[in-house]
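Student: All chains, full assembly: derive it from the sequences and hints.
Here the sequence shown stands for residues 93 to 398, where the numbers follow the working numbering.
Hints are computed from structural coordinates only; laboratory data are not their basis.
Virtual Cβ for every residue (Gly too), placed ideally from N, Cα, C.
Don't take each hint at face value.
Said to hold, decoys possible - Label pairs and their calculated CB-CB ranges: (1) E338 - P268: 43 to 53 Å; (2) A324 - K276: 46 to 56 Å; (3) S116 - L207: 46 to 56 Å; (4) I249 - A165: 28 to 38 Å; (5) A123 - Y229: 41 to 51 Å; (6) F382 - A123: 14 to 24 Å; (7) S322 - F214: 31 to 41 Å; (8) F254 - C187: 13 to 23 Å; (9) K276 - L125: 46 to 56 Å; (10) I335 - I271: 44 to 54 Å; (11) M230 - H146: 50 to 60 Å.
Unchecked claim - Derived lysine to aspartate or glutamate pairs resembling DMTMM-like cross-links, with alpha carbons at most 25 Å apart: (12) K147 - E338; (13) K317 - E338; (14) K239 - D169.
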Amino acid sequence: MAKKQQDAALKYSRVSPTANVIFSLIFILLALLCFLPALLVCIVSFSSEASVLHKGYSFFPDAWSIDSYAYLARQADYVGRAFLNSIGITVVGTCFGLILCSTMGYALSRPNYRLRGFFTWFVFIPMLFSGGLVASYMINAQVLGLKNTYWVLILPICCSSFYIIIMRTFFQTTVPDAIIESAKIDGARQIRIFVQIVLPISLPAIATIGLFYTFAYWNDWMMAKYYLNSNAQNLFPLQYVLISLESNIDFLTRNQQFMGPGEASNIPSETIRMAMVMVGVIPIACSYPFFQKYFISGLTIGAVKG
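Tutor: Below you can see the structure in the form of structure tokens.
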């Protein structure tokens, strides 16, 4: 009887060769749709400015050039400092965010925690109703005094209600209560249970949330726009610096008639935009393989239980 059920399950789960080919072609097409725009950006960043003006964005430019990267290299002091700032902000912010979300998510997942219901609503309500930009600015800049500091680029986004709810749900559905009760019987305290038992089991969820935090911090420039003024240029993150450079290039390009001969024409205004995209994307793209294993597990965890 069991063998018949197994054969029936295999029969209905088997994919025919024709369907396999069709699905493979669909996934190849989707992969190309994701990869080709990135490849085009890379090619344009190494194209000459004259080629882009003549042919537009093309996979086969008339001439190659590294003028856009040379221009960024001449801004090494400004861009380099911003690059280091973004790395530090991303690392510190991701660590802080994971600590806050995982600890609070674990506390809210414990059925014997008395204030569990109150703090669950306390976390859940900001997901539906935001305090607004004005209130946030007043709290961060005037009450906490974080303006023109590194902390204003880290703390406002390091604790996410959405991520806390995800961690709480993960702990409830994946971490067995029997393991925690056994550790309590053996005399382990909550902090030891959390660090030595819960965290190793929760690596897929932690890596997934960590990847989202990494993307959020690396790509963030709004915090710098709101809370950093021109006197704090040494605190600017990379994305904000790249946007500022692009704005300056656009200004110079639009006002060529007021400049000396050849000044604006020496700036690769078209290709440098793509070079900026590559500078901003490559570091974060290189970090993804380190998260990939746990990221896929975190997305599929709990989907199938046997």
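Student: If a hint holds in the structure, say so; if it does not, say that too.
Tutor: Structure-based check of each hint:
no.	hint	result
1	E338 - P268: 43 to 53 Å	holds (52 Å)
2	A324 - K276: 46 to 56 Å	holds (49 Å)
3	S116 - L207: 46 to 56 Å	holds (52 Å)
4	I249 - A165: 28 to 38 Å	holds (31 Å)
5	A123 - Y229: 41 to 51 Å	holds (42 Å)
6	F382 - A123: 14 to 24 Å	holds (21 Å)
7	S322 - F214: 31 to 41 Å	holds (38 Å)
8	F254 - C187: 13 to 23 Å	holds (18 Å)
9	K276 - L125: 46 to 56 Å	holds (51 Å)
10	I335 - I271: 44 to 54 Å	holds (48 Å)
11	M230 - H146: 50 to 60 Å	holds (52 Å)
12	K147 - E338	holds (22 Å)
13	K317 - E338	holds (15 Å)
14	K239 - D169	holds (23 Å)
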